[in-house]
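Protein chains in written order, with numbering that gives the first Met the number 0: chain H, 0 to 133; chain P, 0 to 523.
The set of hints was computed from the structure by calculation and includes no laboratory data.
The C-beta atom is built at its ideal place from N, Cα and C for all residues, glycine as well.
Treat the hints with caution; some may be incorrect.
Claimed, not checked - Per label pair, the in silico range of CB-to-CB distance:
no., chain 1, residue 1, chain 2, residue 2, range
1, P, Thr441, H, Ser1, 17 to 23 Å
2, H, Ser70, P, Ala420, 50 to 56 Å
3, H, Ala57, P, Leu439, 37 to 43 Å
4, H, Ala124, P, Glu71, 45 to 51 Å
5, P, Gly22, H, Ala124, 36 to 42 Å
6, P, Thr515, H, Ala40, 54 to 60 Å
7, P, Asp326, H, Gln104, 53 to 59 Å
8, P, Arg448, H, Gln104, 28 to 34 Å
9, H, Ser1, P, Arg370, 51 to 57 Å
10, H, Ala57, P, Val58, 56 to 62 Å
11, P, Leu399, H, Asp62, 38 to 44 Å
12, H, Ala19, P, Thr441, 21 to 27 Å
Each chain, written out:
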Amino acid sequence: MSTLDRERLGALADVLVPAASGMPSATEAGVHRAGLDRVLAARPDLEPLLARVLADAAGEPGDVLRRLQASDEAGFAALTLAVTGAYYTDPAVRRLIGYPGQQYQPELVTRAPDWDEAALARVVARGAVYRQTR
Amino acid sequence: MLIVGAGVAGSVAALRLARAGFGVVCLEQGGWTDPSEFPGSKPEWELLSSRRWHPNPNVRGLGADYPCETSESDVNPLMWSGVGGSTILYSAHWVRFLPSDFRVRSLDGIADDWPFTYDDLAPYYERVEHDFAVSGAAGDPAYPAGRGPPLPPLPIGKIGRRAAAGMDRLGWHWWPGPQSIASRAHGNLRPCGLRGTCLTGCPDRAKATTDLTHWPEALERGARLVTGARVNAITTDARGRASGATYIDRAGREQHQAADVVIVCANGVGTPRLLQLSGLANSSGLVGKRLMMHPYAAVVGFYDEPLESWLGPTGQTIQSMQFYETDESRGFVRGGKWQVMSTGGPLGLRAAYGGAPLEERFGESLHRNLREQLGRGLEWGVIAEDLPEDSNYVALDAQLTDSDGVAAPRIVYRNSDNTRALLDFHLERLHEAHAAAGALKTVATPLMRDCGWHLLGTCKMGDDPATSVVDADGRAHDVPNLYIYDGSVFPTSAGVNPSATIAAVSLRCTERLIETAHRQAVPA
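The following block holds chain H by itself, in its conformation from the complex (with noise of 0.2 Å):
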């Protein structure tokens, strides 16, 4: 991605991910940069997409986002996902957001049972459920 379409994308991307509610903008959070790059390796099939979207980008970043939505379905949902996709990979958003990510904790596991007992036993208090076949 050249420089101009990577400053097409960031202005692009500020619409989209503003700075609000505690939270940095795309590109405060690196989206046109670190963020591009992440995304592209591992999503290469974004990038003529991307460059199509850019290449057509000029103009006031709102205009061109609407008009992308309106007109270009394929070039909006990649623009999309790429700006999304490189914010919510980023660290500092993650840690900001609450997510960890999805990661390995077999030590959860030894919660079972963790339900309300008493629960389950108005469940089996009830009775079947299913059709007697026999």
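Since chain H is already given, all that's left is putting chain P on it; use the hints.
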């Protein structure tokens, strides 16, 4: 013995035959998948899951996949081509059919009865539950009394407890979901760590996939597994008996594997496709007909507390059979199983906003929605039983081919009036379940297009050669040494996940084959 396909049915058959001392060759179009390749342990998991590890072969487009023509289908067929078959990506619900599922014609006056009963299959269910490391709680009143799963249950987590509390208020059935995921170390499987990425492959080797649970022993016992072998025809001798299969290897060469017996286990799309390519076993005209794929509808609810709803197991924490059996006052027959699923990470949540105006999806709304919903959602879904109809079918497409030039399957599949009424009823009840649990907001998906995991019914099993493709042992009525053991043979689909029944049917059929091998017809 030649087996086509190394998924659930083929793996069960291969291991049982190898244990009995038979020579086994299995041809599998895909290859092995190293669990370290699975994306669940990577930060980009959600990005990777929407392409390389997507369950729809048309999205994935890998070399081992064959494309499916789906423009005339309400639902996309989902599968994995490789050792382990679709267990590689399945969510590992391990649920028996109910007794009524084997008696649909007798009980509901529609579709067909199976040529055997729940009681006939129960001993095989019990044995495959051990092989597939099934974890769960005994005593579910949705089933006849039995021993229960061999491994202790997995936790139901905060989402399961919240949903169960709602069901308790309503007086509706719920039960901790049984799954083929090891809660303790079992055979080649490690204990589950609730990573929650079951649907993109288990990097922790805790989910029962037959590359781990069946093939190591089968290979040790002498079975031969040929990967990258795309079978394009079952061959026959002058008397019409199966003599083996031709396949295309990864160098593009056509090879032939001779065999005394051919067992096709290529799933409810791949099996009829292969029979149609071979021009075999279709005197009934039913090969490819009666396709059933289990429409899936869901309602996601968001709650007022953190629920850690990215934790596994992904497939289900609790399930319900409250509305499983027929009640004709509802205006339709049959029913479906419900399950509570986790809702994943931040990108998965975005899917709920498809089509909404920009301002509702992004900008400050993005942050607000995420704060209100990430980790606070749970999905109540229903697997709807669809009934067999000749108008839903698999055929060879006239234009589309796989990467070896073999005709691809064309899927024609529409939901019936009964199915639509069933889904509408269940969606209303799912909303009620969320309301009883205190959901702040719900978002419904009336029919998920990418839901065709369960490929069933396209080579019906039955006693009458005029109205079925194979007999109760999986033997083709037309070809005495050709067998089918996968979900194609199901006369009806039930309303639960079919892996347990595919495995149990395959084991039953395999043991019938072993018992009768001394009088088995073989090619000249």
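Results of checking the hints against the structure:
A C-beta distance of roughly 44 Å is found between Thr441(P) and Ser1(H), which places it outside the suggested range of 17 to 23 Å. One distance hint, 50 to 56 Å for the beta-carbon pair Ser70(H) and Ala420(P), is violated here, with the actual separation near 38 Å. Between Ala57(H) and Leu439(P) the C-beta distance comes to about 42 Å, which sits within the given range of 37 to 43 Å. Judged by the Cβ atoms, the range 45 to 51 Å given for Ala124(H) and Glu71(P) holds: they are separated by roughly 48 Å.
A C-beta distance of roughly 54 Å is found between Gly22(P) and Ala124(H), which places it outside the suggested range of 36 to 42 Å. Taken as a hint, the range 54 to 60 Å holds for the pair Thr515(P) and Ala40(H), whose Cβ atoms sit roughly 55 Å apart. With their beta carbons about 41 Å apart, Asp326(P) and Gln104(H) fall outside the hinted range of 53 to 59 Å. Range check, Arg448(P) to Gln104(H): about 33 Å between beta-carbon atoms, so the 28 to 34 Å window is met.
One distance hint, 51 to 57 Å for the beta-carbon pair Ser1(H) and Arg370(P), is violated here, with the actual separation near 35 Å. For Ala57(H) and Val58(P), the hinted distance range of 56 to 62 Å is not satisfied, since their beta carbons lie about 32 Å from each other. A hinted range of 38 to 44 Å holds for the C-beta pair Leu399(P) and Asp62(H), which are about 40 Å apart. A beta carbon spacing of about 26 Å between Ala19(H) and Thr441(P) agrees with the range 21 to 27 Å that was offered as a hint.
Violated hints for the displayed structure, listed by number in ascending order: 1, 2, 5, 7, 9 and 10.
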